[in-house]
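A.B. asks: Read off the chains here:
There are 2 protein chains.
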Amino acid sequence: MKILEERIKKDGIVLPGDVLKVNSFLNHQIDPQLMMTLGQEFARLFKDDQVTRVLTAEASGIAPGIMAAYCLKVPMVFARKKKPSTVTDDVYTAEVYSYTKHVTNTISVEAKFLHKGDRVLVIDDFLANGEAAKGLISLAEQAGAEVVGVGVVVEKAFQGGHDWLLDHGYRLEALASVKSLKDGKVEF
Amino acid sequence: MKILEERIKKDGIVLPGDVLKVNSFLNHQIDPQLMMTLGQEFARLFKDDQVTRVLTAEASGIAPGIMAAYCLKVPMVFARKKKPSTVTDDVYTAEVYSYTKHVTNTISVEAKFLHKGDRVLVIDDFLANGEAAKGLISLAEQAGAEVVGVGVVVEKAFQGGHDWLLDHGYRLEALASVKSLKDGKVEF
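Quick note, the sequences are listed as chains A and B, same order. Going by UniProt numbering, the first sequence opens with residue 1, and the numbers climb by one from there. Going by UniProt numbering, the second sequence opens with residue 1, and the numbers climb by one from there.
The hints are simulated quantities; they were obtained by calculation from the structure and are not laboratory data. Even glycine gets a Cβ: it sits at the ideal position worked out from N, Cα and C. There may be inaccurate statements among the hints.
Listed below are the simulated SDA-like cross-link pairs for lysine to any residue, each with C-alpha atoms no more than 25 Å apart in a straight line [unchecked claim]: (1) A/K21 with A/K185; (2) B/K82 with A/E95; (3) B/K182 with B/T52; (4) A/K82 with B/I13; (5) B/K73 with A/E95; (6) B/K112 with A/T100; (7) A/K101 with A/H115.
Partner residues are not named here, just some residues of chain B that face chain A (Cβ under 7 Å, in silico) [said to hold, decoys possible]: (8) E58; (9) M76; (10) F113.
Given only the sequences and the hints, what does the whole structure look like? Please build it.
C.D. replies: What follows is the structure in C-alpha cells.
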C-alpha cells in the first residue's frame, strides 16, 4: 500500500540489528485513521473468503485486528500472553519466541472463542521470523478451524516468516513488504 | 448506555469475588461493531473538550481506545506493561497494582508521545479500584498534559476507583455503571 510505504519512509526509524521502529503510528502511538484504512484493505483482500473470525495477539495486533474485523463484520479474538486469573475454562496454548525481547511467551485463547468450522483470518502488526504467526495458526488449528490467510501490516520479507508461511501453503498478505533495511534505509 | 447494559446482562458472567467477566465481547473476544458504538459515545461525550490525544493501557484498553480516538480524529497512545528492548528514548513510568492478577506492573509511555499542552482523554475497558486510571493520569501529568477526563466502558462503582476520581476532581464517564454484583446478579 502506497500510503503505508510513504508513512514508513517518513516516520519509520531503522535501528541496528534490522529493527524497524514504527511506534509513532503503528504500535505505541497509533494513527487510528490510518489503521482504519489498513483494516479496509485487509477486508478487501479477504472479502471472498467467508472469514468468520479475526485472530490476533496482544498487544500490537489488537489495533489492526479490530479494524479488519470491524470492516469484515466478524468478531475478533486476541490471544493473551498470560493466562489471566479469571479464566476458568479450557484454553488452547502455543509457545511464541520473541527475537526482539529474547523471551518465550505462552499465548492462549479460551477454547470457547475458536471453533471447528471457523474460517480464521490471522492479523498481526509485524511479520519477521514468523513466530507469532505460527503460534496463532497453531491456536486456530488446535480448535479445528481453517486458517484462510495471514494478514500483516508490515513484513520484513528477508527474515524467514514470509518463506515459512508460503512453504507451508498459507496465504500471506503484507500491506507493506520490506525487502531490506541495509545502511539504515528502508527498501520495499 | 442501554445497548451495553443489555449486552452485559445477556453475556456477562459474575464470578466469586465481585468479578464480572465480559470477555466474550469486550476484552478477549471483541465485538468490533459494539466497540465502534462505544467509541462514538466517548467521542460524543468529550466532543467539546478539545481532546488532542487518547491514552490507554495494553491490552484491554486498546480496542475502546482506538475506536474513541478514531471518532475524535486524534492519535491514540497505549502505555506498555514492559519497557520493550527497542525503546531507546526517554519514558514516563507509573506503578499499577492489579487486584485481579495480584501483581504490580510498571506501565510506560515514551516521552515523545505525551506533551505539555496535550489535552488527554484516558480510556480503559474497566474501572474497579482505579489503579490503572491513576497510573495513566500520572503518565499524562508527568508530561505536563491536562487530563480532560476518564472514560471507561464498565465501572464497578462500588470498588473505590469511581470515588477516588471524583474526589480528586477528574471527570468520569462510565458507559455502564455496575452498582452491585451481589448473588451473581448484575445491577446498574
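A.B. asks: Please go over all the hints and tell whether each is borne out by the structure.
C.D. replies: Hint-by-hint comparison with the structure:
1. A/K21 with A/K185: Holds. A/K21 to A/K185 sits at ~12 Å (cutoff 25 Å).
2. B/K82 with A/E95: holds (19 Å)
3. B/K182 with B/T52: violated (39 Å)
4. A/K82 with B/I13: Holds. A/K82 to B/I13 sits at ~20 Å (cutoff 25 Å).
5. B/K73 with A/E95: violated (37 Å)
6. B/K112 with A/T100: With Cα atoms ~22 Å apart, B/K112 and A/T100 stay inside 25 Å; holds.
7. A/K101 with A/H115: Not satisfied, since the Cα-Cα distance of roughly 31 Å exceeds 25 Å.
8. E58: Holds, about 4 Å.
9. M76: Hint on B/M76: holds, closest Cβ of chain A at ~5 Å, below 7 Å.
10. F113: Holds: closest Cβ of chain A sits about 4 Å from B/F113, inside 7 Å.
In summary, the numbered hints that this structure violates are 3, 5 and 7.
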